[in-house]
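K.L.:
Chain by chain, the residues:
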Amino acid sequence: MTQDPETYSALGEVGAFQERRTLWTRIKLDLKKSPMTARFGMSVILIYAIVAIFAPLLAPYGEAEVFPVPYAPWSSEFIFGTDQIGRDIFSRMIYGARNTVGIAVATTLLAFLIGGGLGLAAAINRSWLDQFLSRTVDVLMAIPSLIFALVLLSVFGSTVINLIIIIAVLDSTRVFRLTRAVAINVVVMDYVEAARLRGEGIGWIMRREILPNIMPPLVAEFGLRFCFVFLAIAALSFLGVGIQPPTADWGSMVRENASLIQFAQYDLKAGLTPLLPASAIALLTVAVNFVVDWFLHKTSGIRDE
Amino acid sequence: MHAVFRTVLERLGLGLATLFIVSIIIFSAIEMLPGDFGEAVLGQAATKETVAAFRRELGLDEPAYMRYAQWIGNVVQGDLGTSFSGRNASGIDRSRPVVDLIAPRLWNTLFLASMTAIIAVPIALALGITSALYRNSIYDRTVNTATLTTISFPEFFVAYILILLLASLWPVFPSLANVDAATPLAERMFKAALPAMTLTLVIVAHMMRMTRAAIINLLASPYIQMARLSGASQTEVIIKHALPNAWAPIATVITFNLAYLVVGVVVVEVVFVYPGVGQLMVDAVTSRDIPVVQGCALIFAMTYILLNLTADIIGIITNPRLLHPK
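So the protein lines, in turn, are chains A and B. So for the first sequence, the numbering used here puts the first residue at 1; every next one is plus one. So for the second sequence, the numbering used here puts the first residue at 306; every next one is plus one.
One thing to keep in mind: the hints can contain errors.
Said to hold, decoys possible - DEER-style ranges, computed between Cβ atoms: (1) B:E541 / A:G201: 57 to 67 Å; (2) B:R361 / A:W204: 47 to 57 Å; (3) B:R316 / A:V105: 36 to 46 Å.
Treat the hints as calculated values from the structure; they're not laboratory data. Given the structure is predicted, the values throughout are model-derived calculations rather than measurements. Note that beta-carbon positions come from the ideal geometry of N, C-alpha and C, so glycine has one too.
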């Protein structure tokens, strides 16, 4: 078929192509090809999100509501029983989705804001700023982050805000390294040089020229970072220095009910109770890992890892 | 050997510099405390004089660099300061030196860590190398999915599953690892079995995945392909060509995970009430006993930095390119 030069329009063709494959259809096509593990992961994440958003509607009782029956067994009244001071465990699990996951998401976002922003700045401005930031990050990474977090929490005290800031700053070091490493390859491209010559500011170059081109590794890193942050916060709360009661949180719930595990021989359900919040943490981490695995596979074409 | 020697010295210097900066950071923990922490430590009833005496004891009336010099001088001589706990408003001082608190526990922690390492390292290396050699087989995929799942589990989840199965439902091992200095070795190992098992499960997953990635990466390099094409057998390729270059990544993997063990040990010690440094540190953080936190942090950070330094140095001295300079 030959094109009539009078009616052909390149813009029209591009437009038609875009119309055929909008973002939504592309997503649908990708989802259709996704493996079982990724589908499982995405449905788990979706369910967690729904539970977190609608927690007050779903939970039968309030998160700090105390009933006069501590350590009640599983029943129709208290689905997973009550904890050591008589709070409904099922309700606290539901609120925990909101608190624990919410705090982890906020921390990851902050870590990306700090680490990503500084990483981009260091990649663009390869002078003393880059040297200074890179060496600082080297030192920060020389201390295990859990130990560092413990030191800082002992100094500043365990409040939610402190927890978010401390974990975010410590984790932003890894985001910084990744962002800087991938951005350095993009900064030397001609179109970035062109934007510079055009007189664009550093903010424009960061946001409009470099960021769109380094998105895939950053998105995958966001998933992995979320897992690390989530596990770190759960571990700190489990140790009793993270999220403080009465806020319902999965890490501290495990610790509070841990003694029940000794009764597993007599009542298996009671023995399983402390494992419920722990498995809620594990399930979400597994789900995110599965989705990230698939995403990395899809965007980079790496065969393994 | 000249090039190797110089690089090793460079790395040692860098390691020392890192240790120095880290010690400054840990030292400044006491600097960042809010102004009224003297009252907080000594209690509401503390008089102005006791608070002032306490501040003088900490040397808060001297400039920071002087105190740092004194602190680091003491640390080098094995004096980590005095714990905040045991002090009270009346000025009677029942506090104990931090070293006395840490020393017996450090031995326990080292025992647990080395027991785990002895079990975990051979298993992880065997799994990693075999799954890299038989990659994409059913064996490889099973091991991979299993390790990806264990990586996602928090340490305390693994720990409580083991307690549920092996201490509660089917009581083989004790769920509390209460050892002391007098416990004989066999009983000590028996009591530390569950903590060591938990740590093993957690680090084997990491170590196996890293070993596998390192070996796959290595086997994909052009010189290995060249060796294969020139007719070398599989064993010859692995032992003569791959292994010399594999020492560095394998050493990195092992030490990296031993360093990870340093951190993982904190949570596991708390779960099993194992009297180690990690548990001491968590208790000190809860009671905001800064000298103890500093002492523990310094020990953890030092171990971590030294292990990473060892990995780097092994990488340098086994590097064939540096061993035979042009």
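K.L.:
Checking each numbered hint in turn, tell me which of them this model violates, lowest number first.
P.N.:
Of the numbered hints, all hold.
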